[in-house]
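Anchor point for the sequence shown: position 27 equals 27 in UniProt numbering, and the numbering is continuous, going up by one each time.
These aren't lab readings, by the way, just hints derived from the structure by calculation. Values in this document were obtained by computation on a predicted structure and should not be read as measured data. Be careful, since some hints might not be right.
Listed below are the simulated SDA-like cross-link pairs for lysine to any residue, each with C-alpha atoms no more than 25 Å apart in a straight line [to be verified]:
| # | residue 1 | residue 2 |
| --- | --- | --- |
| 1 | Lys-33 | Phe-47 |
| 2 | Lys-133 | Lys-33 |
| 3 | Lys-100 | Ser-117 |
| 4 | Lys-172 | Ile-104 |
| 5 | Lys-133 | Ala-114 |
| 6 | Lys-51 | Val-25 |
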Amino acid sequence: MKRAFEFLIERAIFLSGIASIIFVVLIFFFLLKEGLALFQTESLTGFLFGKNWYPISDPPRFGILPLFLGSLLVTLGAIVIAVPLGLASAIYVAEVAPPKLRDILKSGIELLAAFPSIVLGFIGIVTLAPFLKSVFHLSSGLTALAGSIMLAFMAMPTIVSIIEDAIVSVPKNYREGSLALGATHWQTIYRVVLPAASSGILAAVMLGIGRVIGETMAVLMITGNAAVLPTSILQPVRTLTATIAAEMGEAVSGSEHYYALFAIGIVLFIISFVINLLADLFLHRKAAR
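Given these sequences and hints, build the entire structure.
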């Protein structure tokens with residue numbers, strides 16, 4: 001009876017894994033079916049490197065370079081903010097904070113991850129955008145910097161939780177051996193614990209990047225939605241995800257605009273796939289060593 005139960009559980013897990021792969025493949029083929037129809041009338045280079053996104057002009061223009069650069073600028077800004085702060089916070093929670101305080105901090109960090117993105121977007125509009133406008137004397141506080149700060153805040157709970165778990169999972173004898181050789185607590189953290197937890201830290205960073213790239217509502221609300229080539233992080237931008245969210249409801253099914261939005265979906269899918277592939281290759285290389 002026990003073996004039969006274990007066999008059923010194993011089969012269920014196997015089928016769940018296969019189903020997940022099938023669903024991802026089906027989503028990709030659906031995106032290809034709808035998105036590739038655009039290139040019957042639009043060139044691939046014009047789509048990827050065009051500097052103008054005017055989907056309802058005559059003739060329409062579907063250049064996503066401003067959208068891609070806007071996404072890149074916001075993502076890089078968020079990672080530059082979130083990764084150092086997230087790493088420092090995780091080190092404090094895992095290695096420095098007293099046990100009682102550690103439990104409170106962990107609960108608070110996990111609670112932050114539960115905030116809906118649209119709520120954070122409203123908070124950004126009401127508080128962050130006016131603050132940036134006042135500090136930098138801008139005409140509008142809805143900029144790439146506002147989007148980066150808000151997305152960093154959204155990605156930090158994921159980054160902190162995973163890095164903290166990775167640090168805690170480092171065997172105790174690593175720390176004890178380092179301290180026995182005369183290293184200080186901070187030297188042990190820097191030279192022993194963090195290198196041993198590097199795979200988990202990388203996974204946290206990659207998941208944080210995925211969280212930032214895939215975010216829609218917050219960036220739609222606080223980045224200004226200007227489809228122009230960005231020259232500064234203090235300039236309004238528009239991201240790929242925000243473009244799909246803002247325009248899909250207005251696009252006529254079967255039109256060039258409709259197909260262009262699905263083509264953006266293909267670009268986002270490929271970017272996410274490449275990021276996860278690079279992370280997987282790096283993790284396997286670390287494991288092989």
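Hints, one by one, checked against the model:
Taken as a hint, the Lys-33 and Phe-47 pair is honoured in the structure, with Cα atoms around 17 Å apart against an allowance of 25 Å. At roughly 43 Å between alpha-carbon atoms, Lys-133 and Lys-33 are farther apart than 25 Å, so this suggested pair is violated. Distance hint between Lys-100 and Ser-117 is unfulfilled; the C-alpha atoms sit about 30 Å from each other, more than 25 Å. Proposed proximity of Lys-172 and Ile-104 is supported: the alpha carbons are some 23 Å apart, at most 25 Å.
This hinted pair does not check out: Lys-133 and Ala-114 have alpha carbons roughly 28 Å apart, beyond 25 Å. In summary, the hint linking Lys-51 to Val-25 is not supported, as the alpha carbons are separated by about 31 Å, beyond the 25 Å threshold.
In the structure shown, a violation is registered for the earlier hints numbered 2, 3, 5, 6, in ascending order.
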